[in-house]
Amino acid sequence: MSLLEVKDLSIRYADSAQPAVNNLSFAVEAGQSLGIVGESGSGKTQTAMAVLGLLPANANTGGSIRFDGQEFLGATPEVLNRYRACRIAMVFQDPGAALNPYVRIGDQLRRILLEHKICKSSEARERTLKILKRVGLPDPERQYGVFPHQLSGGMRQRAMIGAALLGEPDLLIADEPTTALDVTVQAQILSLLRELRSQSNTALLLITHDLGVVAGNCDQMLMMDGGQLLEEGPTEEIFAAPSNDRTARLIATAPRINVPARTTPLPAGTAPIVEIDNVSVSFRERSSSGKKQLDAVRPLSFTVAPGETVAIVGESGSGKTSLAKAIVGLIPMRSGAVSYAGEKLPGRVQSRRNEIRRQLQMVFQDPVTSLNPAMRVADIVAEPISIHEPKKKKAERERNVNEMLRHVGLGLDLRERFPHELSGGQAQRVAIARALVIRPKVLICDEAVAALDGTIQSDILHLLQAEQADSGLSLVFITHDLSVVRQISHRVLVLYMGRVCEVATNNRLFKRPQHPYSKAMISSVAVPDPHVKPEDVPVVGEVSSILNPPPGCPFHPRCQHAVARCSEQIPEMESAGGGSVACFRANELDLSY
Amino acid sequence: MSYLAAIRPILRKSRDNKTIVVCSSILLLIAAVALIGPLLSPHHYARTDFGSPFMLPSGSHWHLFGTDSLGRDLFVRTLLGVKVTLFVAIIASGVSLGIGVAYGAIAGYVGGRVDAVMMRAVDALYALPFIFFVILLMVVFERNFLLIFVAIGAINWLDMARIVRGQTLSLKRREFVDAARLIGVSTPGIILRHITPNLFGVVVVYMTLTIPQAILVESLLSFLGLGVQEPQTSLGALVNGGLSNMERAPWLLLIPAIVLALILLCFNFLGDGLRDVVDPKKKI
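Chains as they are written, first to last, in our numbering: chain F, 1 to 593; chain H, 1001 to 1284.
Any given hint could turn out to be false.
[Stated by the list, open to error] Derived lysine-lysine pairs resembling DSS-like cross-links, with alpha carbons at most 30 Å apart:
{"hint": "1", "chain 1": "F", "residue 1": "533", "chain 2": "F", "residue 2": "133"}
{"hint": "2", "chain 1": "H", "residue 1": "1172", "chain 2": "F", "residue 2": "441"}
{"hint": "3", "chain 1": "H", "residue 1": "1172", "chain 2": "F", "residue 2": "344"}
{"hint": "4", "chain 1": "F", "residue 1": "130", "chain 2": "F", "residue 2": "120"}
{"hint": "5", "chain 1": "F", "residue 1": "291", "chain 2": "H", "residue 2": "1172"}
{"hint": "6", "chain 1": "F", "residue 1": "120", "chain 2": "F", "residue 2": "133"}
{"hint": "7", "chain 1": "F", "residue 1": "292", "chain 2": "H", "residue 2": "1013"}
If you're looking for bench data, these hints aren't it; they were derived computationally from the structure.
Since we're looking at a predicted model, the values are computed, not measured.
Starting from the given sequences, assemble the full structure and let the hints guide the process.
Structure follows, in structure tokens:
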């Protein structure tokens, strides 16, 4: 008998015609790891919630979910509570939302022990400390007494995993456990899960949208789409020979870091179109100890050539979004200047000449909030034309709008739609159409594909690249996702805590990174290939607080190559091997693959 | 164009909401009767008839609601009161819509020092003790119908300005406003085309909730004798008149009071219904 046996599970909501999950059957054996992969709306989270009996009251379920012989569907909360925590436990996507902000970490865990009578109350504290240590919280005695907001995202997720493992469950359900975390922290958490499972015989049900995460962590996998099962089987077999067309497309379009870029070659020797000269951004933060200056971006310089894609990559707190907004003039710079085609630009977008404003456009992360909810698609795309070419006749303007919509792959039937009636991918295409309709020379994309599903992500990247090949558009691509960087960029800027670590061409960065941080990030990326074994812990720790940056090189507390000098002096950018790098030991270290 | 676009989904959803349909029908019916009724009745609101004071409501002589202490027809006078009350409602919503929305949206979007000065002015107006303010106006300018509207208008846009400002502060941080700045939309253009259409839901709901407030204020003033002057009347003044004859002719109190309560209830329920319809958590 399987540990968990799901048969013909269907979940339906009264207010939607489509079932959320339709006739899904699968089984998890003891000690096995099964990944459920799907894009948003595939029903993967609904399935997990159904297993734990956490579906909302208006969900109609059918079929059967048996755990160790006990039927879970329709079971009373009393019955389910006998299994929850002790036999079956869950780790949620957002550790910040899953922990009670008013209760100390240790107490939250201790309450689970007491509530489920896992141990005597005299042993509870001891046991909690032991688990906190096991999930890698440094100094468990101190962490026991802190509140969730005092922990970093990665540490919170570790505490959540600790909470799930308290009752030594037979099955652990993890719903997108690393999606809210930075890439280096994601690698740490996944490696922790692998390590914990190797010590006990816990089965894992891992729910994710990321084929890379499944490839490195699950023996078996299940592909879902629109509530339907597409394919199931051993992970290696599915990756090697997917039998379903849709699965094949999902696997083929997954961004891969180990595949060379497919960018168009750059003409040599052209003058840069945008020059960023010593730009820095800082904010004043009010804290309990008076006002403090937060240096989001330290003075940095780079150039963008016509037709070039420069990727700016960094984890949360690296200052990448502040930099993007400063370049286009949405937030003030503290120092430095941005030049366009040799002309120095005023800092604020309102003070820039209309002709210049038109040349620098931006695409934002969230396609839905970047479109005015009260305007129709056609009006959104027409607005830039009526501002920059006010003399244009209405008929001609409409023709331009229609051409642009077709150009970005949208049907004209969408003209009269409102943004909330569009899918994420369609909305991002509208945002791109709005930016491109006035034919800018430079397009700044701030995490433009981060909120989109894998296949749509790849479509949008193709669209941007096609546009670049057509019109010689320069792209500044801001992202946290190295696989995307690998696909589309000519040159890469690696940011860490507001400073540039390394500037290198795409191929060079991924083959021979020179900065230990670049290397750590590249090694942390989960590769959608079961034959690539994930590295155990590519880099320890998390990004330090930007309000209290460490002295010296900002990366030194996490750097395994750090020497005494690294904590005393800040390394300058020096050109090395076709790029430039800010590391004292760049010449001695060989970090190449 | 974007205003219409913002209204249409609200209208569409309102049609399916029973509360909204029932309340707006009742209000429209009352308004229609108030406009047409006096034309059909043989009586005039100011004509006294000392021969027939305190007549019970009856069909005879078309005194549908009876007569008051001076023998004036209560039906026609109640309808006049309704007209005044609804007039107050229109003025109040007009003022809070016109001044309040513009003021709040500008303060919220421009921000900084402009915002600080504008909102402190609102705070200062809030701090005026309203009734004393009105009495003072009456003393200086004598009793004047128009003055009542000025006074009610002066306080009614304050709440709206605050609400709209708060909403604008959160709207202007949304990325579509950044996007508009980048494509070159001017500040007035952003406020007109990108901010205010998105305020629509909140504004509509809040307006239906300020209308009863304004009606109550007018009734209170008239009840205190500071409002409209005889032989003109309002529902508040009628309730006041009814109160002094409560034992002898209770219908003089009850009928205007019931009509007033009905109007207030309808506006309140209408506001509740609209709030359900434009709930930001549900898609409009």
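Starting from the hint list further up, note which numbers the structure goes against and sort them upward.
7
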